[in-house]
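**Student:** All chains, please: the whole structure from these sequences, using the hints.
2 protein chains.
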Amino acid sequence: MKVGIIGAGQLARMLLEDASALGIDCVVLAESPDDGAALVAHSAIIGAPSDRAALEKLADSVAITTFDHELVDLELLADLEAQGHQFAPSPSALLYAVDKAAMRTLLADHGLPIPPFDVFTPDRPFDGESVGANFGWPLVIKSARGGYDGRGVFIVDNENEANAVVGDLHEAGITVLIEALVPIRSELAALVCRAHDGSIVAWPVVETSQIAGVCREVLVPGSVRDEDRIAGEAIARQIAELVGVVGVMAVELFVTDEGLLINELAMRPHNSGHWTQNGSATSQFENHLRAVASLPLGITTTTAAAVASVNIFGGDHPSGDDEALAAALSVTGAHLHLYGKSSRPGRKLGHVNAVGTDPVAVRATAWDAATKFGSPLPDALEKRTS
Amino acid sequence: MKVGIIGAGQLARMLLEDASALGIDCVVLAESPDDGAALVAHSAIIGAPSDRAALEKLADSVAITTFDHELVDLELLADLEAQGHQFAPSPSALLYAVDKAAMRTLLADHGLPIPPFDVFTPDRPFDGESVGANFGWPLVIKSARGGYDGRGVFIVDNENEANAVVGDLHEAGITVLIEALVPIRSELAALVCRAHDGSIVAWPVVETSQIAGVCREVLVPGSVRDEDRIAGEAIARQIAELVGVVGVMAVELFVTDEGLLINELAMRPHNSGHWTQNGSATSQFENHLRAVASLPLGITTTTAAAVASVNIFGGDHPSGDDEALAAALSVTGAHLHLYGKSSRPGRKLGHVNAVGTDPVAVRATAWDAATKFGSPLPDALEKRTS
Numbered sequence: 421m422k423v424g425i426i427g428a429g430q431l432a433r434m435l436l437e438d439a440s441a442l443g444i445d446c447v448v449l450a451e452s453p454d455d456g457a458a459l460v461a462h463s464a465i466i467g468a469p470s471d472r473a474a475l476e477k478l479a480d481s482v483a484i485t486t487f488d489h490e491l492v493d494l495e496l497l498a499d500l501e502a503q504g505h506q507f508a509p510s511p512s513a514l515l516y517a518v519d520k521a522a523m524r525t526l527l528a529d530h531g532l533p534i535p536p537f538d539v540f541t542p543d544r545p546f547d548g549e550s551v552g553a554n555f556g557w558p559l560v561i562k563s564a565r566g567g568y569d570g571r572g573v574f575i576v577d578n579e580n581e582a583n584a585v586v587g588d589l590h591e592a593g594i595t596v597l598i599e600a601l602v603p604i605r606s607e608l609a610a611l612v613c614r615a616h617d618g619s620i621v622a623w624p625v626v627e628t629s630q631i632a633g634v635c636r637e638v639l640v641p642g643s644v645r646d647e648d649r650i651a652g653e654a655i656a657r658q659i660a661e662l663v664g665v666v667g668v669m670a671v672e673l674f675v676t677d678e679g680l681l682i683n684e685l686a687m688r689p690h691n692s693g694h695w696t697q698n699g700s701a702t703s704q705f706e707n708h709l710r711a712v713a714s715l716p717l718g719i720t721t722t723t724a725a726a727v728a729s730v731n732i733f734g735g736d737h738p739s740g741d742d743e744a745l746a747a748a749l750s751v752t753g754a755h756l757h758l759y760g761k762s763s764r765p766g767r768k769l770g771h772v773n774a775v776g777t778d779p780v781a782v783r784a785t786a787w788d789a790a791t792k793f794g795s796p797l798p799d800a801l802e803k804r805t806s
Numbered sequence: 421m422k423v424g425i426i427g428a429g430q431l432a433r434m435l436l437e438d439a440s441a442l443g444i445d446c447v448v449l450a451e452s453p454d455d456g457a458a459l460v461a462h463s464a465i466i467g468a469p470s471d472r473a474a475l476e477k478l479a480d481s482v483a484i485t486t487f488d489h490e491l492v493d494l495e496l497l498a499d500l501e502a503q504g505h506q507f508a509p510s511p512s513a514l515l516y517a518v519d520k521a522a523m524r525t526l527l528a529d530h531g532l533p534i535p536p537f538d539v540f541t542p543d544r545p546f547d548g549e550s551v552g553a554n555f556g557w558p559l560v561i562k563s564a565r566g567g568y569d570g571r572g573v574f575i576v577d578n579e580n581e582a583n584a585v586v587g588d589l590h591e592a593g594i595t596v597l598i599e600a601l602v603p604i605r606s607e608l609a610a611l612v613c614r615a616h617d618g619s620i621v622a623w624p625v626v627e628t629s630q631i632a633g634v635c636r637e638v639l640v641p642g643s644v645r646d647e648d649r650i651a652g653e654a655i656a657r658q659i660a661e662l663v664g665v666v667g668v669m670a671v672e673l674f675v676t677d678e679g680l681l682i683n684e685l686a687m688r689p690h691n692s693g694h695w696t697q698n699g700s701a702t703s704q705f706e707n708h709l710r711a712v713a714s715l716p717l718g719i720t721t722t723t724a725a726a727v728a729s730v731n732i733f734g735g736d737h738p739s740g741d742d743e744a745l746a747a748a749l750s751v752t753g754a755h756l757h758l759y760g761k762s763s764r765p766g767r768k769l770g771h772v773n774a775v776g777t778d779p780v781a782v783r784a785t786a787w788d789a790a791t792k793f794g795s796p797l798p799d800a801l802e803k804r805t806s
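Line by line, the protein sequences are chains A and B. At position 18 of the first sequence (counting the first as 1) the number is 438 in my numbering, and the numbers step up by one without a gap. At position 260 of the second sequence (counting the first as 1) the number is 680 in my numbering, and the numbers step up by one without a gap.
All the given hints hold, so there is nothing to weed out.
Straight-line C-alpha distance at most 20 Å; calculated EDC-like pairs for lysine to aspartate or glutamate:
{"id": "1", "chain 1": "A", "residue 1": "Lys768", "chain 2": "A", "residue 2": "Asp799"}
{"id": "2", "chain 1": "A", "residue 1": "Lys768", "chain 2": "A", "residue 2": "Asp454"}
{"id": "3", "chain 1": "B", "residue 1": "Lys422", "chain 2": "B", "residue 2": "Glu501"}
{"id": "4", "chain 1": "A", "residue 1": "Lys477", "chain 2": "A", "residue 2": "Asp493"}
{"id": "5", "chain 1": "A", "residue 1": "Lys761", "chain 2": "A", "residue 2": "Asp736"}
{"id": "6", "chain 1": "A", "residue 1": "Lys422", "chain 2": "B", "residue 2": "Asp454"}
{"id": "7", "chain 1": "B", "residue 1": "Lys422", "chain 2": "A", "residue 2": "Asp742"}
{"id": "8", "chain 1": "B", "residue 1": "Lys422", "chain 2": "A", "residue 2": "Asp741"}
{"id": "9", "chain 1": "A", "residue 1": "Lys422", "chain 2": "B", "residue 2": "Asp741"}
{"id": "10", "chain 1": "A", "residue 1": "Lys422", "chain 2": "A", "residue 2": "Asp445"}
{"id": "11", "chain 1": "A", "residue 1": "Lys422", "chain 2": "A", "residue 2": "Glu476"}
{"id": "12", "chain 1": "B", "residue 1": "Lys768", "chain 2": "A", "residue 2": "Asp445"}
{"id": "13", "chain 1": "B", "residue 1": "Lys768", "chain 2": "B", "residue 2": "Asp454"}
{"id": "14", "chain 1": "B", "residue 1": "Lys477", "chain 2": "B", "residue 2": "Asp445"}
{"id": "15", "chain 1": "B", "residue 1": "Lys422", "chain 2": "A", "residue 2": "Asp454"}
{"id": "16", "chain 1": "A", "residue 1": "Lys761", "chain 2": "A", "residue 2": "Asp741"}
{"id": "17", "chain 1": "B", "residue 1": "Lys477", "chain 2": "B", "residue 2": "Asp493"}
{"id": "18", "chain 1": "B", "residue 1": "Lys422", "chain 2": "B", "residue 2": "Asp445"}
{"id": "19", "chain 1": "A", "residue 1": "Lys422", "chain 2": "A", "residue 2": "Asp480"}
{"id": "20", "chain 1": "A", "residue 1": "Lys422", "chain 2": "B", "residue 2": "Asp742"}
{"id": "21", "chain 1": "B", "residue 1": "Lys768", "chain 2": "B", "residue 2": "Asp799"}
{"id": "22", "chain 1": "A", "residue 1": "Lys768", "chain 2": "B", "residue 2": "Asp445"}
{"id": "23", "chain 1": "A", "residue 1": "Lys422", "chain 2": "B", "residue 2": "Glu743"}
{"id": "24", "chain 1": "B", "residue 1": "Lys768", "chain 2": "B", "residue 2": "Glu743"}
{"id": "25", "chain 1": "B", "residue 1": "Lys422", "chain 2": "B", "residue 2": "Asp480"}
{"id": "26", "chain 1": "A", "residue 1": "Lys768", "chain 2": "A", "residue 2": "Glu743"}
{"id": "27", "chain 1": "B", "residue 1": "Lys477", "chain 2": "B", "residue 2": "Asp499"}
{"id": "28", "chain 1": "B", "residue 1": "Lys422", "chain 2": "A", "residue 2": "Glu743"}
{"id": "29", "chain 1": "B", "residue 1": "Lys477", "chain 2": "B", "residue 2": "Glu501"}
{"id": "30", "chain 1": "B", "residue 1": "Lys768", "chain 2": "B", "residue 2": "Glu451"}
{"id": "31", "chain 1": "A", "residue 1": "Lys768", "chain 2": "A", "residue 2": "Glu451"}
{"id": "32", "chain 1": "B", "residue 1": "Lys768", "chain 2": "B", "residue 2": "Asp741"}
{"id": "33", "chain 1": "A", "residue 1": "Lys761", "chain 2": "B", "residue 2": "Asp445"}
Examples of chain A residues toward chain B, derived with CB under 7 Å:
{"id": "34", "residue": "Leu715"}
{"id": "35", "residue": "Ala746"}
{"id": "36", "residue": "Leu758"}
Don't read these hints as lab results, they were simulated from the structure. Quick reminder that beta carbons are idealized off the backbone N, C-alpha and C, glycines included.
**Tutor:** Structure representation (structure tokens):
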């Protein structure tokens, strides 16, 4: 079985690690030979995800193709699918991870819990004053497509700011999603994997901490309440069936005073699931590959009472050299997962997993290793677990 | 950090899987582009381990080189080392894994427990009658170099057979090791990893089952007695220091009525340590890479009360296709590790690990998945655990 991967970032890199053990050969489509996965891949095609010739070459060389990211051209993919190439997830499912406006509309149509929203295509006049009257200030403006890790998301305080941001996006031909800024108590993520035959497995709902839209740490079980754990998994299962995803799907959730609200969807292995590499009987990467390759899904049992996963970012001074790696690996029980990237400030270089019986200890271990590698300890990290 | 690997079999393949997460780039020296590790490696040089030009190319492109197997030319390696290239383990240590006569002599000199033995270089006359009088019949004849998985090992019943086997080996210029055939109760393996700085970590001593010299299953903790566990680890630590190995070293041990006897040494990740991929905080592959790359060693805590590891062999009828893979992965809790090899009868294609609380259950899980993949269930497998 040969599987193609569109994109060659860290998710593709970690898919390759697990593909080897399953005997699955992979071909990655990399924008550059220096991409994290291209550095370790046996087979890489160099090309943009919007490059028809490169995509055809990839699809021709594999049985089925999956994704490292959602910055893809859905029309082009649908065209290739119509020609007989297989994609998992299919472009018709992937739409809801690519396009936030389509996602919000679908979820609203099915009564799933989301914040109040409205969609402004470039040809729909936007009036900050009336929108502000509906949603209150501040409100959230998102570009419907192309954003990730907080990019393409704007929180604006008044109609002038709103008009300016939407004007710029509309001028660039970008559809805009307006959302109420909902006061949140914490953030969770629900991770599931769906097979071609419709079977679904779910990992436990986890607590995530973001700063400026970027995930900094994931705690399992964290401070997730039982009711949120149950509701979060049910929501993720429902959406997976609704959209017909094949492979891993992550649902980012807000915990509010009124219950859970769905924030974002991702249809690929997700940062909130990196803990599964050391804390679950089957990692999200292995199950994604199993699903894509029409193999039975693996069990998602946690292998420890407490798991922490902390992202490593490049700091202001050099990090990620051999000395930093040695320092991080000197931390007992720290599992490093590096992405092969050179360090620069704010760049996500890897993550550390720690597993054990004591949530406080595993969190300390993971942060200890991450900071020894040179990752800055954020002042603003809210201590949501105590 | 860039590491070279001489040989591109399954051990190299599994080293690559863990190297990716550590951010270590690897280059493999493969005899063929179809070798298990060459199929997944980003960088491969095609050449025999005895090919000086290929070895120089490999050594020039990396900081340090390690090994997938011991079928190497020690003189050539020593030459390259003298030129400033680094090897881990160094050829001076590797000698004792390559040459059974040198190994036996060293261990005897240091009072370590081994069976009675004698060494016959090609120029030393061999007389079956007098040797038989010393060692009794049957006795064991081993070629001092080049054997593995039971190859190069002969059990002979009388002086005629002995004279014939030794005559053939001597004619081929091969030094011969004669050993008493010791009645064994069971077989164990002690696995350690030694760093450049001399620090050593040890995994628990495990029980192994061989048929015709080939490992079929590994059980942790198996039926290993406490005294053998303690003595086995002590022996492995002592040998690691004695030979100055860098990286993983496995010591195969016989349990006899008179205590432990050392059978073989391997200075690389070893079949008896594959269980560490799913049953230990740090796998043998990760710790081997850490040692080679001068990084701190990881902890070797077991992550489950019971672990079983069962090798998968090609059967008489087709095995290892997509259907067989799906059948094996349908076994709950089975962790498959495949080597990318096409199936043929008797060929080692992969292994299955299973972890849990119940030794009987994990063993059943591993055998279930291995046989579902098409691996024959051996009639002769001695049930040493009950």
